[in-house]
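Going down the list, the sequences are from chains A and B.
My numbering applies: residue 1 is where the first sequence begins, and numbers increase by one.
My numbering applies: residue 1 is where the second sequence begins, and numbers increase by one.
Don't take each hint at face value.
What the hints assert, rightly or not - Pairs of lysine to any residue, SDA-like flavour, derived with a Cα cap of 20 Å:
| hint | chain 1 | residue 1 | chain 2 | residue 2 |
| --- | --- | --- | --- | --- |
| 1 | A | K35 | B | E28 |
| 2 | A | K35 | B | N24 |
| 3 | B | K90 | A | E545 |
| 4 | B | K91 | A | F597 |
| 5 | B | K91 | A | D589 |
| 6 | A | K45 | A | G216 |
| 7 | B | K23 | A | S31 |
| 8 | B | K23 | A | L27 |
| 9 | A | K174 | A | T366 |
| 10 | A | K45 | B | K23 |
| 11 | A | K35 | B | K23 |
| 12 | A | K45 | B | A25 |
| 13 | A | K250 | B | N55 |
| 14 | A | K35 | B | Y27 |
| 15 | A | K123 | A | E411 |
| 16 | B | K117 | A | L590 |
| 17 | B | K23 | A | A38 |
| 18 | B | K95 | A | F597 |
| 19 | A | K539 | A | R255 |
To be verified - Chain B stretches covered by chain A per the calculated footprint, using a threshold of three residues with CB under 8 Å from any CB of chain A:
| hint | region |
| --- | --- |
| 20 | 18-30 |
| 21 | 60-73 |
| 22 | 102-114 |
Read the hints as simulated data drawn from the structure, not as lab findings.
Note that the Cβ used here is the ideal one computed from N, Cα and C, for glycine as well.
Chain by chain, the residues run as shown.
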Amino acid sequence: MINEIGGISKMTERVGRIIPGTEDQFLLIGSRLGKVHADVENISKQASRLVGLLDSSAMKGTIAQFRDVMGQLERYVERLHQRFESGHASLQDVGSAVSDVGTPMANFRKIVKKLKILGISTKIESAQLKKMEVDFVNLAADVEQLSELIRDKSAAIEKHREGLMAFARSTLSKISHINRKSRSFTSAALGDINESICVLEDRNELSFNTADSILGRSHAMSAQVGKVVMSMQFHDITRQQIEHIVDVLKTLETRGRNAAGFTEGGENGAMMAEAIVVSELQKAQLVDARDKFVKAVRVIMDNLRGISANIAGIIDEIQKMTGATGTSSDNFLSNIEAATGQVMDKIHSGKRAEEEFGEAMTELSTAVSTISNLVDDIEEIGEEIELIAINARVKAARTGEEGAPLGVIAEAIWHLSLDATSQKSVISGLLKKVVSATEGLQAAAVKEGPDTDASGTIAELAGIVEGLRKMKGDVARLVAEIGSDSRNLSELIGETISDITVHNDLEDDIADICRMFDEFTVQSRQTVTQAEIEEARRKSFEYIEGNYTMQRERAIHCSLASNVIPMDSRVKDRAPGPEIFEETAGPGDLGDNVELF
Amino acid sequence: MSKRIMTVDDSVSVRQMVSFTLKNAGYETVEASDGKDALAKLNSSGVNMILTDLNMPNLDGIGLIKEVRTRPEYKFIPIVMLTTESQDSKKMEGKSAGATGWIVKPFKPDQLLAVIKKVLG
Numbered sequence: 001m002i003n004e005i006g007g008i009s010k011m012t013e014r015v016g017r018i019i020p021g022t023e024d025q026f027l028l029i030g031s032r033l034g035k036v037h038a039d040v041e042n043i044s045k046q047a048s049r050l051v052g053l054l055d056s057s058a059m060k061g062t063i064a065q066f067r068d069v070m071g072q073l074e075r076y077v078e079r080l081h082q083r084f085e086s087g088h089a090s091l092q093d094v095g096s097a098v099s100d101v102g103t104p105m106a107n108f109r110k111i112v113k114k115l116k117i118l119g120i121s122t123k124i125e126s127a128q129l130k131k132m133e134v135d136f137v138n139l140a141a142d143v144e145q146l147s148e149l150i151r152d153k154s155a156a157i158e159k160h161r162e163g164l165m166a167f168a169r170s171t172l173s174k175i176s177h178i179n180r181k182s183r184s185f186t187s188a189a190l191g192d193i194n195e196s197i198c199v200l201e202d203r204n205e206l207s208f209n210t211a212d213s214i215l216g217r218s219h220a221m222s223a224q225v226g227k228v229v230m231s232m233q234f235h236d237i238t239r240q241q242i243e244h245i246v247d248v249l250k251t252l253e254t255r256g257r258n259a260a261g262f263t264e265g266g267e268n269g270a271m272m273a274e275a276i277v278v279s280e281l282q283k284a285q286l287v288d289a290r291d292k293f294v295k296a297v298r299v300i301m302d303n304l305r306g307i308s309a310n311i312a313g314i315i316d317e318i319q320k321m322t323g324a325t326g327t328s329s330d331n332f333l334s335n336i337e338a339a340t341g342q343v344m345d346k347i348h349s350g351k352r353a354e355e356e357f358g359e360a361m362t363e364l365s366t367a368v369s370t371i372s373n374l375v376d377d378i379e380e381i382g383e384e385i386e387l388i389a390i391n392a393r394v395k396a397a398r399t400g401e402e403g404a405p406l407g408v409i410a411e412a413i414w415h416l417s418l419d420a421t422s423q424k425s426v427i428s429g430l431l432k433k434v435v436s437a438t439e440g441l442q443a444a445a446v447k448e449g450p451d452t453d454a455s456g457t458i459a460e461l462a463g464i465v466e467g468l469r470k471m472k473g474d475v476a477r478l479v480a481e482i483g484s485d486s487r488n489l490s491e492l493i494g495e496t497i498s499d500i501t502v503h504n505d506l507e508d509d510i511a512d513i514c515r516m517f518d519e520f521t522v523q524s525r526q527t528v529t530q531a532e533i534e535e536a537r538r539k540s541f542e543y544i545e546g547n548y549t550m551q552r553e554r555a556i557h558c559s560l561a562s563n564v565i566p567m568d569s570r571v572k573d574r575a576p577g578p579e580i581f582e583e584t585a586g587p588g589d590l591g592d593n594v595e596l597f
Numbered sequence: 001m002s003k004r005i006m007t008v009d010d011s012v013s014v015r016q017m018v019s020f021t022l023k024n025a026g027y028e029t030v031e032a033s034d035g036k037d038a039l040a041k042l043n044s045s046g047v048n049m050i051l052t053d054l055n056m057p058n059l060d061g062i063g064l065i066k067e068v069r070t071r072p073e074y075k076f077i078p079i080v081m082l083t084t085e086s087q088d089s090k091k092m093e094g095k096s097a098g099a100t101g102w103i104v105k106p107f108k109p110d111q112l113l114a115v116i117k118k119v120l121g
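Let the hints inform the model, and build the full structure from the sequences given.
Structure, rendered in structure tokens:
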């Protein structure tokens, strides 16, 4: 008898020691949960701020600015090309006009030759006409002088023309080079701007999706914190269930003592049978308490891990959004800033090319404009030949029949003068064409308007770069903060999870106690009959039922002592399996576990 | 100004979770370890609502409600039971004593806050 009472007393004492050792770990988890929750809130807010930054009106403004710059660049480039094309065409016109002057200039060389011959012929003929020698000597000298004048002038014109041809050729090559450079700048600049717009739009779109995802993760983390809060209450629930077991065992012990012990047969046999039935029930309650407790702790650990995974997910999404490979990097904004800087450099290069073009055109235009002076020289040659031809004809007429050969010479000079006049007109016309073509050069050299496109674009890009730099700073700071906070939070969660051993300790403890219950039951069964046990099952143990506060306890009691308590089938169905959240919120307004009076 | 809620429970971990939930929602909290402790803190705390467990040493939840209702200034203060007890007879006992509502543990944070919002208005 004493042995059985001692056994119950030992079990009571062991069961009573289960819970007190577990509370410290729960309180530690609880205190860390506060920090975890605060950190989760903070990281979610920072992540939302970061997403907001990339999805902000500032970002949209930057995209719009980039689009505007794109328009400006296209207009600028179009105008630049037109200017270069027109300059190129004018340059070719000038070159061709200057080249055309070459043909009539060759004819002048023939005229010079003929004049020389005529000069000699005049000298010979004048020698035969003694009395008029002086006049004809003068004429011969005039013809010779004229041939020299024409030779000098035409040589000078030819030299000037050839110089201009060379200059035009070199300017054409320079302009072609500038044009090629400008074209490469254009495609590269437009390409870079387009790429930057695409990256910004991509990030804008990505930030929109990331915002949704982060919001989803924040909600998931709130739900995970909620599940931890809920599971934490199972310490109290388990405590109460175990206290009820202790109370029942203490009552059983007292009843055993009062009934003068657990001995075979009679009243004492019934007491022993009661002890067996009550022990089986309490073991079932203990196993249920253990299962709920262990499951609750695992739910706590799983949800803490879930929070950690969601934080890692947020970091991952932020990295994808910012293009960062590390938490403190900010690659995509750096890339856009660098690309924008390159575009600005290219616009500067374009401006320089335009200036070089203008300078080259002005230089050539100035050089070509000097050709207009040659028109006067050509006109002078024509007039001189004409004068000498008239002079020769007059002098030949005065000599009468004796001067007939001179008349032939005079006639030849006259024809030559007509030819020279005709060549003069051709050259004069061609030179005027050169001058006219030069006007095209001057027009191409002068910009059509102020340099607004390029300067405006550069100013606007400088504004964008400034905005991007600020945004980059803000993003980098937030990414660094989120990274640092997340690492700290992950460490805290990892440390908290590794500190949780309470479920394993409790499982081991309860396994030992269950063995004690089993040993007690097996030993006690040897002293009572099955009929006595069945009889004990039929008895209503009010001291047990009165202890229950939880639906679950009643369900377990019903399932084992079905002969004692009239079964409610609904309760019976719910009895198996430790569903830890079974008595909480259902589909009702506030939940099935809530009742407002 | 935020509302102040007293949480009465002999379990430190439950008080911890209730306070955690309420503080995160912007409420101020006062903690008491049983009915007797709650009554001692009631006058100086200026609470707007009480959340109490049922089974506690010294003075249980029903006893606490009865005591609180005798005080004119707390005659209409919302008092919600937060307990593992789910028996209808106990709930009726609580209602008769003057409880405003009954929540069976475990509670979900959102659920507790919804109840508080409903009873505090």
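Now for the hints, and whether the structure bears them out:
1. A:K35 - B:E28: Holds - the C-alpha atoms of E28 of chain B and K35 of chain A are around 18 Å apart, at most 20 Å.
2. A:K35 - B:N24: 11 Å, holds
3. B:K90 - A:E545: 14 Å, holds
4. B:K91 - A:F597: With Cα atoms ~10 Å apart, K91 of chain B and F597 of chain A stay inside 20 Å; holds.
5. B:K91 - A:D589: Holds, at roughly 19 Å.
6. A:K45 - A:G216: 13 Å, holds
7. B:K23 - A:S31: Holds - the C-alpha atoms of S31 of chain A and K23 of chain B are around 13 Å apart, at most 20 Å.
8. B:K23 - A:L27: 17 Å, holds
9. A:K174 - A:T366: The hint holds at about 17 Å.
10. A:K45 - B:K23: Distance ~18 Å between K45 of chain A and K23 of chain B Cα, so the pair holds.
11. A:K35 - B:K23: 13 Å, holds
12. A:K45 - B:A25: Answer holds: K45 of chain A to A25 of chain B is near 16 Å, not above 20 Å.
13. A:K250 - B:N55: With a Cα-Cα distance of about 19 Å, the restraint between K250 of chain A and N55 of chain B holds, given a limit of 20 Å.
14. A:K35 - B:Y27: Between K35 of chain A and Y27 of chain B the Cα gap is close to 18 Å, so the pair holds against 20 Å.
15. A:K123 - A:E411: 16 Å, holds
16. B:K117 - A:L590: Distance ~11 Å between K117 of chain B and L590 of chain A Cα, so the pair holds.
17. B:K23 - A:A38: This hinted pair holds, its Cα atoms lying about 11 Å apart.
18. B:K95 - A:F597: 7 Å, holds
19. A:K539 - A:R255: 15 Å, holds
20. 18-30: holds (count 3)
21. 60-73: Not satisfied, violated; 0 residues make the cut.
22. 102-114: holds (count 11)
In this structure, the one hint that does not hold is number 21.
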